[in-house]
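Each protein sequence line maps, in turn, to chains A and B.
The first sequence runs contiguously to residue 314 in our numbering.
The second sequence runs contiguously to residue 1378 in our numbering.
The hints are simulated quantities; they were obtained by calculation from the structure and are not laboratory data.
Some hints could be false.
Selected chain B positions facing chain A (Cβ under 7 Å, derived; list incomplete) [claimed, not checked]: (1) Asp1002; (2) Ile1283; (3) Ala1322.
Note that beta-carbon positions come from the ideal geometry of N, C-alpha and C, so glycine has one too.
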Amino acid sequence: MKFALSAEQRQFAASLHELLAGTSGTVRAWAEGKHEPGRKLLRAIADLGVPALLVPAEYGGLQADVADMVVAFEVLGFHVVPGPIVESAVVAPAALGGSRKWLPALASGEALVTVLNPLGLDADIADLVLDLRDGQVAAVRVESLEPVRSIDPARRLFTVDGERVPLGPAGRAFDLGVLAVAAQLLGAGQWLLDEATSYARQRNQYGRAIGGFQAVKHLLADVATQLELARPLVHGAAVTAQDGGGTLARDVSAAKIKAGEAAYLAARTALQVHGAIGYTAEHDLGLRLTKVRALLGAWGDAAFHRARVLESLS
Amino acid sequence: MDLDIDAASVAFRDETRDWLAANVPSPALPSMDTAEGFAAHREWEAKLAAARFSVVSWPREYHGRDASLLQWVLFEEEYYAAGAPGRVGQNGIFMLAPTLFEHGTKDQRDRILPAMATGDQVWAQAWSEPEAGSDIAALRSRAVRTEGGWLLSGQKTWSSRAAFADSAFGLFRTDPGAHRHHGLTYFMFGLRADGVTVRPIPQLDGEPGFAEIFLDDVFVPDADVIGAPGQGWRVAMTTANNERGLSLRSPGRFLAAANRLVDLWRERGGGGALGERVVDAWIGARAYQLYTFGTVTRLAEGGELGPESSVNKLFWSQLDIALHETALDLLGPDGETDEQWVDGYLFALAGPIYGGTDQIQRNTIAERLLRLPREARP
């Protein structure tokens, strides 16, 4: 048993962190509908191989370990990379297995795909809209799009109407999407903890760093503990996916519940530790807080995932 | 990254499971905190030892099997899943033994470990004092040099198992001029030696699970000092890390309790508002199991336990209470009388107190893992 990231995986994460450092301007531009910097960033992410990870080699992909995908999405979540990247890099390759048309374009990052959930994230710029329902996948011939405002301005959502063209079984597409979102939540939570901790070290009140007060320390210690214990569930679910294990639904649901709870606790705590500065649009904290809140409901809310875990235990 | 269990470990796990299925006593033994129950648990330790199951991770020469850390975790999972008796020897096995392996002499190991493994000598811990609880470095019990050894005096309290155990271990101040954690020395002493008075203290369940120990010029030979005189704090940290960390609480206890909780929920109709708490408890136990596999990997690659042991302890102490509270709530009026869940619940309530309270663990996590400013030290 070796239940830890490999040196290569740590290196991969470090390269992604390096690429994505200082991208909050790109996130804000995306929220305003200015896609160009974001598209450029997504191309750079593709150059590092992220959308190719889960694509089979015969279609130009890297056919990598599912754990590599989880490593990548934790970093993407840390930097709140915008766009339909879970959909394009994780869900679509699984839902469109065997497609000579789409898989190479997905692997190279040329194609962006979105998946109705039930709203379509970035459906206005997607090359293909998919609908996953009852274990089947359908392509949507888009007839009309209506923007819907998300709590997270960087999540540009649309109601999508149009004819469904059945494509076949969805396979593990949904569960892999849930896993990628769980990894994103973990990454966002880690950023929030890191930021709040570093702020608590510098911010002085009553003549001392606020991080020296036990009321603050204990809040942050609880966040660290919840994140530390959520991460193994995300990694464990990746191992299940890699092994083709029969407990995938249970394991990704457990991972999303715990990663979501930990990230949300991190968000609330980070806001409280920062005080008013954290409540401003100018601070990057808000980019994560609203993302985490949105992702708690997307790809199955906690009640949905708890019901799935319970069902597997009964 | 994988969760594969190698063939040798699978074989070991199967052997453990078969042996436990054939040997776990039924009905359960009486409480180990009664004279009769203590004796029965001591016999059980001997039976475990005869089959080389009492200390699987120890070297063969001390009744062990040289089992890997992973195998020890698997052993514990099987042990709790089988509903096997609580370990009356656990203070010695999980706290004193790691200290002897790291800081003891060969003579000490040869003398003490075999009798510990078989239950012939059962050990109590003697850390806390009336004025030194979370703040152990404030301890006042002292040891004064005498010919061939030391004379120990003072008072220890909340000493688990001391009511019926044979011996105890703890820290005493050997340099009265030294401040706090300086000038302390780690001693082993007999609980029936001249000058020792043990006064049992009944716990919440009415049984004397711990005791006060009064020492009045108790002679301890030099051979029963662990590490160098004055180095007791450093020596004891080995023990503290083992108690808070991996050793004392393997995931086995929580996995077994979580599975029993799921069974209980199903027996009670499987519906209702408590389903959410049942699933959260199960996920918590699973998270702790996987976290432990990560720790096992890290330690096998030469890493150290470090402040992560506080993350460990904070998480399981809360998980244990949540598990048992959920069971009692599921049982409703029967929660008052269900012996197994009530015992488990009362035991769980102590978790956030012993081995460093949850508040001390949070300080440790904040200061050592998150590098926040340290508390003022006296």
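Now for the hints, and whether the structure bears them out:
Contact between aspartate 1002 of chain B and chain A, as hinted, is supported at the beta carbon level, the nearest pair being about 6 Å apart and thus within 7 Å. Interface restraint check: isoleucine 1283 of chain B against chain A, minimum CB-CB distance 5 Å, threshold 7 Å, status holds. The beta carbon of alanine 1322 of chain B is not positioned within 7 Å of any beta carbon in chain A (closest approach about 13 Å), and the interface hint is therefore violated.
Violated hint: 3 only; the structure is consistent with all others.
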